[in-house]
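Chains as they are written, first to last, in my numbering: chain A, 1 to 185; chain B, 1 to 185.
Worth flagging that the hints you see were computed from the coordinates, not collected in a lab.
Computed from a predicted model, the values in this text were never measured in an experiment.
Quick reminder that beta carbons are idealized off the backbone N, C-alpha and C, glycines included.
Don't take every hint at face value.
[Unchecked claim] Away from chain A, derived, C-beta distances all over 10 Å, residues of chain B:
1) E39
2) G53
3) F70
4) Y90
5) P116
[Said to hold, decoys possible] Distance ranges between label pairs, derived from CB positions:
6) B/G55 to A/G55: 14 to 20 Å
7) B/G53 to A/T152: 31 to 37 Å
8) B/A158 to A/R103: 37 to 43 Å
[Stated by the list, open to error] Derived lysine-lysine pairs resembling DSS-like cross-links, with alpha carbons at most 27 Å apart:
9) B/K52 to A/K100
10) B/K77 to B/K131
11) A/K138 to B/K52
12) A/K52 to B/K77
13) B/K130 to A/K77
14) A/K52 to B/K126
15) A/K131 to A/K52
16) B/K6 to B/K58
17) B/K58 to A/K6
18) B/K6 to A/K33
19) A/K52 to B/K130
20) A/K58 to A/K6
21) A/K100 to B/K58
22) B/K33 to A/K52
23) B/K100 to B/K130
24) A/K33 to B/K126
25) A/K130 to A/K58
26) B/K52 to B/K33
27) A/K6 to B/K77
28) B/K126 to B/K138
29) A/K77 to B/K138
30) A/K52 to A/K6
31) B/K52 to A/K58
32) B/K58 to A/K77
33) A/K77 to B/K52
34) B/K130 to A/K6
35) A/K6 to B/K6
36) A/K33 to A/K131
37) A/K77 to B/K126
Number of protein chains: 2
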Amino acid sequence: MHMSDKGFVLWFTGLSGSGKSTLSVPVAERLRKAGYRVEILDGDEVRTNLSKGLGFSKEDRDTNIRRIGFVAELLAKNGVVAITAAISPYRDVREEVRGKVTRHGAGFCEVYVSCPIGVLAERDVKGLYKKALAGEVKNFTGVSDPYEAPLTPDVTVASDHDTVEQGIERIIGTLARMRLVPETT
Amino acid sequence: MHMSDKGFVLWFTGLSGSGKSTLSVPVAERLRKAGYRVEILDGDEVRTNLSKGLGFSKEDRDTNIRRIGFVAELLAKNGVVAITAAISPYRDVREEVRGKVTRHGAGFCEVYVSCPIGVLAERDVKGLYKKALAGEVKNFTGVSDPYEAPLTPDVTVASDHDTVEQGIERIIGTLARMRLVPETT
């Protein structure tokens, strides 16, 4: 059990449908089994609870991400592993959140879940890419709104090539290399 | 150390200047010394980080309180003692938050810090009551905006009669009686 350890923030970023939730849920499960308290801050749930009324302009998206960052930081400084799984498209605000979290001594690991738009449009689980590409959805990240991929993510999972299992192993391996979890996790 | 215990929410409510922060800070300190992880969610700090842009209508105040409640609940379900010190003037939304927190098995203790308006206006640490009573501040709780005192708070501290030390003891005693902390805390 690692209750007395410092918490950290595991920050997923990637386009809609890239696999952020698909990866974050089993990673959370693995960390819970290793004795950590883990909280997943899902993008949609956080919007409902903390950001109702905000839209999808850069300013509003940034505000939403700052709020997720604030809550993740509160959790991490109290020993919890806070996993965030919001698109978080803008580089500057992701870096701002990293700065705030690490300033208080908690760890921060950025996971970039990459996948080409073409593959996402083909999968199109929620049918949103088809609509976005047809111009029917405004401010759709990666189509009609920017997505700034991380330049130096702590770990990248390419969901069009890597299996979920490979992704999980790579993330846990990165956390161990960063000394945020023991090698045996 | 009580790292593995369930967390709980210690919810202060009371007028501006009634003594919520004056009490919450030493109570937090006492609980930290007893081994708890404790986070104080101060009303002003939360407004800055989670509720920028919200005003002081009932709807906006309720939204702000729901957000504080959401964060307090996240902390409490992860073993942290979340202390909130916002005015939280409306009864229905306080009860709504209590319902959500306890639904997930975390404890909830409401502390009513009472003080007559006359005494607060005399103290007037921030000079706000004078302005409010002169009609210069709109939506000032207790003067030009409602404050609904709890009907059945878990504990009441009357800051015009009780000393800070008496208040702390009564709050810790209540937490022990509610079995949220051990008798020895």
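- Given the hint that A/K33 pairs with B/K126, test it: the Cα-Cα distance must not exceed 27 Å. violated, 50 Å
- Item | Closest CB of chain A to the CB of B/P116 still more than 10 Å away | At about 34 Å from chain A, B/P116 clears the 10 Å cut-off, so the statement holds.
- Query: Holds or violated: B/K100 with B/K130, Cα cutoff 27 Å?
  - Reply: Distance of about 37 Å is beyond 27 Å: violated.
- Task: Run the C-beta distances from B/Y90 to all of chain A and say if the shortest one exceeds 10 Å.
- Result: Its Cβ never comes within 10 Å of chain A, the nearest being 18 Å, so this holds.
- Item | Pairwise hint evaluation, A/K77 against B/K130, where the allowed Cα distance is 27 Å at most | Cα-Cα ~39 Å, so violated.
- Query: Do the alpha carbons of A/K130 and A/K58 lie within 27 Å of each other, as the hint requires?
  - Reply: holds, 23 Å
- Given hint B/K138 paired with A/K77 - CA-CA distance at most 27 Å: violated, 37 Å
- Item | Pairwise hint evaluation, B/K77 against A/K52, where the allowed Cα distance is 27 Å at most | holds, 23 Å
- Has the given pair, B/K33 with A/K52, been kept, meaning a C-alpha gap of at most 27 Å? violated, 38 Å
- Query: Would the pair A/K77 and B/K52 pass a check requiring their Cα atoms to be no farther apart than 27 Å?
  - Reply: Roughly 23 Å between the alpha carbons, so the hint for A/K77 and B/K52 holds.
- Could you grab the alpha-carbon distance between A/K138 and B/K52 and see if it respects the 27 Å cut-off? Status holds; Cα separation ~25 Å.
- Under the criterion that the straight-line Cα-Cα distance not exceed 27 Å, is the pair A/K6, B/K77 satisfied? holds, 17 Å
Going down the numbered hints, you'll see the structure goes against 1, 2, 3, 10, 13, 14, 16, 17, 19, 20, 21, 22, 23, 24, 26, 29, 30, 32, 34, 36, 37, while the others check out.
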